[in-house]
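Engineer: Sequence lines, in order, name chains A and B. Reminder that position 17 of the first sequence reads as 17 in the numbering used here, one-by-one numbering, no gaps. Reminder that position 199 of the second sequence reads as 1199 in the numbering used here, one-by-one numbering, no gaps.
Just so you know, the hints here were simulated from the structure itself, not pulled from any lab data. A virtual CB, placed ideally from N, CA and C, is assigned to each residue, including glycine. Don't take each hint at face value.
Partner residues aside, some chain B positions facing chain A, computed with beta carbon under 10 Å [unchecked claim]:
1) L1070
2) G1128
3) R1189
4) A1214
5) G1216
6) A1240
7) T1251
Which stretches of chain B does chain A cover? Using the computed rule of at least three CB atoms under 8 Å from a CB of chain A, they are [claimed, not checked]:
8) 1059-1066
9) 1071-1077
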Amino acid sequence: MFASLSPMRASDLAALGCFLVAGCSLFVGEEALADARDVSALYWLLAGSVSLRASLALVGKPGS
Amino acid sequence: MSREAPNAEAGGPARRRGPEASLAGSRRAAVGGIAWWVPRGAAGQAVVPGLYAWAVTTAPVAMWRGAPVLARLTASLAFLSVVLALVVERRAPIAARMVAGWGLSLCSAATWALASEVAAGSFDAAHGVAGMLGWTLFALVIASPVRTMAPGAVASAPLSPPGVGTWLDTALLVLGLALATALQIPGWRLEQRDRALLVRLVAVGGGLSVITVASGIAVGLDPVAGGDSTGVPRPIRRGAVLWMAAACAMTGAGLVYELGQRH
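Start from the sequences and build out the full structure, keeping to the hints where you can.
Structural biologist: Here it is, written out as structure tokens:
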């Protein structure tokens, strides 16, 4: 399995990391929104959105 | 840099053309396995949003205790119109679109007109918003052009190196689905109706974004589909670095703030 990782580059791994961070940020934002901490929720949801955008930009998806 | 398919003879036996052809064969087989599910027309595309809209808005009114028999009949006809359209769309796609669109909407309207005021008035805000989203999706899908797969598109598609496009795509899809599902959890433990509705709407939007980005990453990681068929590493664009720096800064600052609040 790990031999097949060779075509991947550091930026691809960074994109996967950003994707995971984005998922966690969005979840924290949802939790904050459920607890009525609206400012914190807005911040984490925005951080998640930026992380999602970063992951797409790092893999160089056409049109991103 | 040519982006044409490297295997012009994709229709032949896989064993003659090495590992790439084997991968092409496995992908063809995988697509062939789910071909029955691929919609052939507008009615097929509209099945899921149509049934969702029916389940959220029409069925509850018809299933209300004491609902008129005619309301139950029209609700059943609304459901059957979608199923009927799905069955006949291979032979008559235009008629199937008409049956699905007009059958579902007119029969649902008749159900609402025939239902008792108590049943119609029992809808809360969550039901209303969910129904509005369902009908909007149904209208968009039933009116949009049919998405069809060009003949031989899979067989002649550019291929990833063996081993990369198989398990990594699946892992990304599973990860995206897991994250999108996890986002739904916080909304289900809330008792305050307005807050729960807000959290669920945000969760749906976030889940759609996560799944969309997961598929985008899978396409971007494909060296051919991502525009890297030569194997030469693409330069990292400056914008990507800026986006990553912003993400790291925001996440780091948020973590420091949250940890500082807890201590």
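Engineer: All hints are to be evaluated individually against the structure, with a verdict given for each.
Structural biologist: Results for each hint:
The interface hint given for L1070(B) is violated, since its Cβ lies 42 Å from the closest Cβ of chain A, which is over the 10 Å cut-off. For G1128(B), the interface hint is violated, since its Cβ never comes within 10 Å of a Cβ in chain A; the closest pair sits about 21 Å apart. The interface hint given for R1189(B) holds, since its Cβ lies 7 Å from the closest Cβ of chain A, which is under the 10 Å cut-off. Annotation: A1214(B) was flagged as interfacial toward chain A, and the flag holds, the nearest CB pair being 7 Å apart, inside 10 Å.
With a cut of 10 Å, the hint placing G1216(B) at the interface with chain A holds, because the nearest CB-to-CB distance is about 5 Å. Taking 10 Å as the C-beta contact cut-off toward chain A, the hint placing A1240(B) at the interface holds, the least distance being around 4 Å. The interface hint given for T1251(B) holds, since its Cβ lies 5 Å from the closest Cβ of chain A, which is under the 10 Å cut-off. Given a C-beta distance limit of less than 8 Å, the hint that chain A covers the stretch 1059-1066 of chain B is violated, as 0 residues qualify and 3 are needed.
Using a Cβ-Cβ cut-off of 8 Å, 0 residues of the stretch 1071-1077 of chain B lie near chain A, which falls short of the minimum of three, so the contact claim is violated.
The earlier numbered hints that this structure contradicts are 1, 2, 8, 9.
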